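S.K.: Numbering-wise (numbering that gives the first Met the number 0), the sequence shown opens with residue 0 and increments by one.
For the record, the hints were derived by calculation from the structure and aren't laboratory data.
Derived pair list, reagent style DMTMM-like, types lysine to aspartate or glutamate, alpha-carbon separation capped at 25 Å:
| # | residue 1 | residue 2 |
| --- | --- | --- |
| 1 | Lys175 | Asp111 |
| 2 | Lys209 | Asp285 |
| 3 | Lys181 | Asp254 |
| 4 | Lys121 | Glu137 |
| 5 | Lys158 | Asp170 |
| 6 | Lys158 | Asp255 |
| 7 | Lys391 | Asp154 |
| 8 | Lys399 | Asp286 |
DEER-style ranges, computed between Cβ atoms:
| # | residue 1 | residue 2 | range |
| --- | --- | --- | --- |
| 9 | Gly144 | Asp169 | 19 to 29 Å |
| 10 | Lys227 | Gln297 | 12 to 22 Å |
| 11 | Ala141 | Gln295 | 37 to 47 Å |
| 12 | Thr211 | Ala141 | 43 to 53 Å |
Values in this document were obtained by computation on a predicted structure and should not be read as measured data. Note that beta-carbon positions come from the ideal geometry of N, C-alpha and C, so glycine has one too.
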Amino acid sequence: MKKIYLLLALALVLAVIAACAPAPTPAPTAAPPTAAPKATEAPKATEAPKATEAPKATTAPTTAPAATTAPAATTAPTTAPAAVGAVKGNITLWNGYHTGDNEEKTLNQLLDAAKKQFPDAKITVLEIPFDQLFNKFETEAATGGGPDMYIAPNDSLGKEARAGLLAPLDDLLKGKLDPYSKLSIQGVTVDGKIYAVPMIPKALAMYYNKTTIPTPPATTDELLAAVKAGKKVGVPNSGYHTFGWWNAFGGKLMDDKGKCIADQGGVADAYTYLLSLKTAGANITDDGKLDTLYRQGQLDIYFNGPWVLGGNKDALTAAKVGVAPMPKGPKGDAGPLTGIDGWYINANSKNKESAVNLALFFATKEAQTLYADIAGDPAARTDVQPADPNVKAFADAANKGVPRPLVPQLDNFWGPFGDAATKIFEGKLAPDAAIKEACAAMNKANKIQ
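Just need the whole structure built from these sequences, with the hints factored in.
M.R.: If you want it as structure tokens, here you go:
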């Protein structure tokens, strides 16, 4: 009986102790952080509309909350700044971006934002192959047709403006271009009139793979030595892409009167150097093929513009992509052509004011930051500071390049010198003979003795 009382007393004491103790922590009902909470399983910011499919380098770590994967810079503007007026009515625009590239993704994101911001506008978009863009616009605009607006580099701006195919925009843009660089405004100005909303300054630079090229070559001699040492180097073969080498060897295209003087020294030397790269093992071919090889890790160095930066980072990963200036030559710095992409307004447009306002919407600080973050394009605006040092490198290349001359004589550069580059690299003509032939053809077309 005593044992029973003792057991009862012990049970009573234990009950009192249990009642006084703090409640135990319940076991978690959700997976621990290492099992990825719902917020980090698939944050919408990284699944995204096409335009926000971030390059691998900007993909958030698995433990990061969604807020860290999509900084404000990669979000399209949701409201139009006060400087952007109303957009209404029918607007047709053309672009020459390649389907699926990062510039097209950026524009598509901005178009989605514009359609929400301006419900009274019907915006129709037509993608034109870039090599057909200028000819198609000029043909249709000359007969009273064409789009209301289109985006393109200033390759044919001088010709189209002087032919009356583009609307001068000085009145519609009065007081609205203050944040834009002097370089970008000059690049869309012909004979004292502004013909576009400037968007992107573009010039060539040197891409390199950081894993195989810790220090990029700074001179043409260093580049040749790298090729001879077995580094895989690619050089685009077009007249536009090879122009950047001319200045490094003392070459010049025209004098102050528009006469071609490329045959007076330096230019042939540049092509002779490029042939030496080819002999040493460099791959001189179409720039699109070189883009693919670089993205596959099969090139250590090649030369192209900012329009492929976003795609290069997506494919190769941002950590491996480096951008540096084109190498200096024996006669000075390289001098790639600096062009300015802009939104041009058709002189035939019946909705010019809305078209200009839409162009300004595409060129806001937020929009140009989007182009920098997604496509890798430097901005025409001085208030946009790129986070990516590679974008800054392209901005520097544009600032130090040779501004594209907006003179009528330039129209007759592309054909003759594109043919000359082909003949040189295919071994059909020596550099001296090819450049002499091209210069004579350019002067003949321009009716210059």
